[in-house]
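Residue numbers (full-length UniProt numbering), protein chains in the order written: chain A, 1 to 226; chain B, 1 to 323.
Check the hints yourself; a few may be wrong.
From the derived model, a few chain A residues whose C-beta atoms are all more than 12 angstroms from chain B [claimed, not checked]:
1) Asn8
2) Arg40
3) Tyr89
4) Lys179
Calculated cross-link-like contacts (lysine-lysine; reagent style BS3-like; alpha-carbon spacing at most 25 angstroms) [said to hold, decoys possible]:
5) B:Lys86 <-> A:Lys151
6) A:Lys39 <-> A:Lys206
7) A:Lys206 <-> B:Lys249
8) B:Lys86 <-> A:Lys126
9) B:Lys46 <-> B:Lys209
10) B:Lys249 <-> B:Lys120
11) B:Lys120 <-> B:Lys49
12) B:Lys46 <-> B:Lys211
13) A:Lys196 <-> A:Lys39
Among chain B residues calculated to face chain A with C-beta under 10 angstroms, some are [said to hold, decoys possible]:
14) Val16
15) Trp17
16) Leu74
17) Leu78
18) Pro81
19) Phe89
20) Tyr91
21) Met99
22) Leu169
Calculated from the structure, these hints are not laboratory results.
Glycine residues also receive a C-beta, built at the ideal position from the N, C-alpha and C atoms.
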Amino acid sequence: MTACSRRNFVSGMGALILTTGTSVKLSAQGEKPNETAPKRYAMVHDETSCIGCTACMDACRETNQVPEGVSRLEILRSEPHGEFPNQEYEFFRQSCQHCTNAPCVAVCPTGASFIDPETGIVDVNKDLCVGCQYCIAVCPYRVRFIHPVHKTADKCNFCRDTNLAAGKQPACVEACPTKALTFGDMNDPNSAVARKVRENPVYRTKLTLGTEPNLYHIPFAKGEHR
Amino acid sequence: MSTLTYPVPFHTPDLVWDSSIAIYLFLLGISSGAVQLAIAYRRSHKLEKPSENWIVRSAAVLGTIPTLIGLTLLIFHLARPWTFWKLMFNYQFNSVMSMGVMLFQVYMLFMVIWIAVLFKAEIDNLIKKFVPKLRFVTNIIGACERIFSAAEVILFILAAVLGAYTGFLLSALISYPMLNNPVLPALFLASGTSSGIAATFLCILIAGKLKGDSHEVHYIHKFEVPIMVTELGLIVCFFVGLYFGGGQKVVALQNALSGFWGAVFWIGVMLIGIMIPLIANLFASDKWKYNAKFIILVSIFDLIGVLCLRYFILYAGQLTIAM
Numbered sequence: 001m002t003a004c005s006r007r008n009f010v011s012g013m014g015a016l017i018l019t020t021g022t023s024v025k026l027s028a029q030g031e032k033p034n035e036t037a038p039k040r041y042a043m044v045h046d047e048t049s050c051i052g053c054t055a056c057m058d059a060c061r062e063t064n065q066v067p068e069g070v071s072r073l074e075i076l077r078s079e080p081h082g083e084f085p086n087q088e089y090e091f092f093r094q095s096c097q098h099c100t101n102a103p104c105v106a107v108c109p110t111g112a113s114f115i116d117p118e119t120g121i122v123d124v125n126k127d128l129c130v131g132c133q134y135c136i137a138v139c140p141y142r143v144r145f146i147h148p149v150h151k152t153a154d155k156c157n158f159c160r161d162t163n164l165a166a167g168k169q170p171a172c173v174e175a176c177p178t179k180a181l182t183f184g185d186m187n188d189p190n191s192a193v194a195r196k197v198r199e200n201p202v203y204r205t206k207l208t209l210g211t212e213p214n215l216y217h218i219p220f221a222k223g224e225h226r
Numbered sequence: 001m002s003t004l005t006y007p008v009p010f011h012t013p014d015l016v017w018d019s020s021i022a023i024y025l026f027l028l029g030i031s032s033g034a035v036q037l038a039i040a041y042r043r044s045h046k047l048e049k050p051s052e053n054w055i056v057r058s059a060a061v062l063g064t065i066p067t068l069i070g071l072t073l074l075i076f077h078l079a080r081p082w083t084f085w086k087l088m089f090n091y092q093f094n095s096v097m098s099m100g101v102m103l104f105q106v107y108m109l110f111m112v113i114w115i116a117v118l119f120k121a122e123i124d125n126l127i128k129k130f131v132p133k134l135r136f137v138t139n140i141i142g143a144c145e146r147i148f149s150a151a152e153v154i155l156f157i158l159a160a161v162l163g164a165y166t167g168f169l170l171s172a173l174i175s176y177p178m179l180n181n182p183v184l185p186a187l188f189l190a191s192g193t194s195s196g197i198a199a200t201f202l203c204i205l206i207a208g209k210l211k212g213d214s215h216e217v218h219y220i221h222k223f224e225v226p227i228m229v230t231e232l233g234l235i236v237c238f239f240v241g242l243y244f245g246g247g248q249k250v251v252a253l254q255n256a257l258s259g260f261w262g263a264v265f266w267i268g269v270m271l272i273g274i275m276i277p278l279i280a281n282l283f284a285s286d287k288w289k290y291n292a293k294f295i296i297l298v299s300i301f302d303l304i305g306v307l308c309l310r311y312f313i314l315y316a317g318q319l320t321i322a323m
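Can you make the complete structure from the sequences, with help from the hints?
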């Protein structure tokens with residue numbers, strides 16, 4: 001990949017438009033944009049709304065050109081709860097948690113796995129990745145894989161270089177027909193995601209490992225939570 | 001979807017690192033152990049010509065060749081082997097693997113200095129005979145001679161750190177409760193040293209054709225039992241730590257000690273690798289103990305045991321995921 005590929009240019013311009021657009025809007029409202037405060041992007045998966053249609057999975061695959069055989073996002077279906085015909089399934093989102101204390105970043109020997117200081121997004125620099133798979137082994141959420149084409153570590157990056165760069169919400173959020181996904185900045189108390197976390201019972205997985213994940217789940221409430 | 005019925009010993013669902021890593025860990029242990037042994041031997045004996053001593057000769061080979069083979073295996077285990085050089089230009093001080101890359105480079109440097117000084121006369125002869133233009137190399141070795149004693153101590157420490165490093169590499173994996181275990185570096189250092197001793201025995205008895213009751217054999221015999229007992233103790237600590245750790249650590253313990261990998265542990269590690277060599281060393285009469293063929297056989301058992309330990313830890317360790 002060259003230093004200034006078309007993708008980089010488009011995403012860079014997208015990011016520029018996104019940031020300048022926001023600050024213009026804020027200043028028009030008479031508020032001072034706090035440009036120094038870093039974002040901490042997070043996501044909430046509302047398991048009570050999710051119907052398991054997997055539209056999010058398809059949208060992710062298409063937007064981020066994820067080849068067959070691997071996936072950045074999976075919706076896992078539970079065993080059925082209840083007796084036919086009153087059966088219900090629980091759906092669980094398995095994808096990168098964008099840990100604030102990311103073990104994949106800590107073990108990476110080249111610095112290819114990194115946390116974007118401006119957004120808190122955990123991403124992979126393809127140029128630096130040698131494919132040692134240390135990050136894949138250390139991830140307790142089992143969401144990393146070797147991209148079959150690039151041969152580098154890959155995973156969800158909240159569409160950092162695709163939708164987000166173009167000023168849109170991540171593809172999975174946009175595609176969800178039941179609005180089960182909420183994405184935004186946890187450091188902004190007024191954001192939809194912060195409100196969702198505040199106003200609902202939420203859980204995060206494997207907190208004891210100290211990874212401080214940023215993927216929240218609103219529990220399905222039937223059966224034992226993960 | 002996969003049609004395999006789990007568990008399949010070498011293809012478990014959460015397996016990331018496979019055989020080549022196990023062999024790599026095994027080879028590094030040999031290198032670390034052989035070098036530590038040779039330095040201990042050289043410093044405790046006044047050798048007229050160290051380059052003619054078979055323990056020193058063995059260390060020169062075992063310290064370098066297994067490490068280079070191991071690193072080659074590692075490079076080809078990368079998904080992008082030809083980008084391996086990026087590891088040497090982007091150091092990350094919080095990554096165990098990155099620190100390991102640095103360790104290798106320093107270790108190899110001191111290894112070369114050590115060999116060059118000890119084999120100065122031989123190297124000089126070769127240069128005179130084949131490439132006289134390289135005469136300046138002799139001068140460089142001459143300069144290294146002045147720092148030899150310090151370099152040797154540093155090499156000993158680096159060899160020990162290398163032995164422990166293989167354990168740290170795995171114990172950093174917080175995703176696998178069995179591997180994320182503080183005893184692992186010490187266990188790998190002890191078993192690596194024991195494999196280095198066994199490999200040195202094979203070298204001096206087969207390539208060097210030394211007698212079973214030679215001075216060298218007597219010297220090495222002093223270390224075998226203490227190291228093996230230490231290894232056994234550390235294995236006990238390793239499992240007791242899992243047992244008292246609760247939660248997934250207990251699940252990891254149960255998974256590891258049952259099925260295929262349980263058999264590898266009990267037969268390969270405990271019986272072949274520890275019990276047989278330990279009994280052979282403790283209870284065999286001196287006639288057997290100083291018989292070259294007997295020592296060769298016991299050393300092979302020891303090496304098989306250490307290889308099994310590396311396979312067992314790596315594969316069984318990846319059976320269970322942290323909750």
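Structure-based check of each hint:
no.: 1; hint: Asn8; result: holds, 19 angstroms
no.: 2; hint: Arg40; result: holds, 21 angstroms
no.: 3; hint: Tyr89; result: holds, 18 angstroms
no.: 4; hint: Lys179; result: holds, 30 angstroms
no.: 5; hint: B:Lys86 <-> A:Lys151; result: holds, 15 angstroms
no.: 6; hint: A:Lys39 <-> A:Lys206; result: holds, 23 angstroms
no.: 7; hint: A:Lys206 <-> B:Lys249; result: holds, 14 angstroms
no.: 8; hint: B:Lys86 <-> A:Lys126; result: holds, 12 angstroms
no.: 9; hint: B:Lys46 <-> B:Lys209; result: holds, 22 angstroms
no.: 10; hint: B:Lys249 <-> B:Lys120; result: violated, 52 angstroms
no.: 11; hint: B:Lys120 <-> B:Lys49; result: holds, 11 angstroms
no.: 12; hint: B:Lys46 <-> B:Lys211; result: holds, 20 angstroms
no.: 13; hint: A:Lys196 <-> A:Lys39; result: holds, 17 angstroms
no.: 14; hint: Val16; result: holds, 4 angstroms
no.: 15; hint: Trp17; result: holds, 6 angstroms
no.: 16; hint: Leu74; result: holds, 8 angstroms
no.: 17; hint: Leu78; result: holds, 5 angstroms
no.: 18; hint: Pro81; result: holds, 8 angstroms
no.: 19; hint: Phe89; result: holds, 8 angstroms
no.: 20; hint: Tyr91; result: holds, 8 angstroms
no.: 21; hint: Met99; result: holds, 8 angstroms
no.: 22; hint: Leu169; result: holds, 8 angstroms
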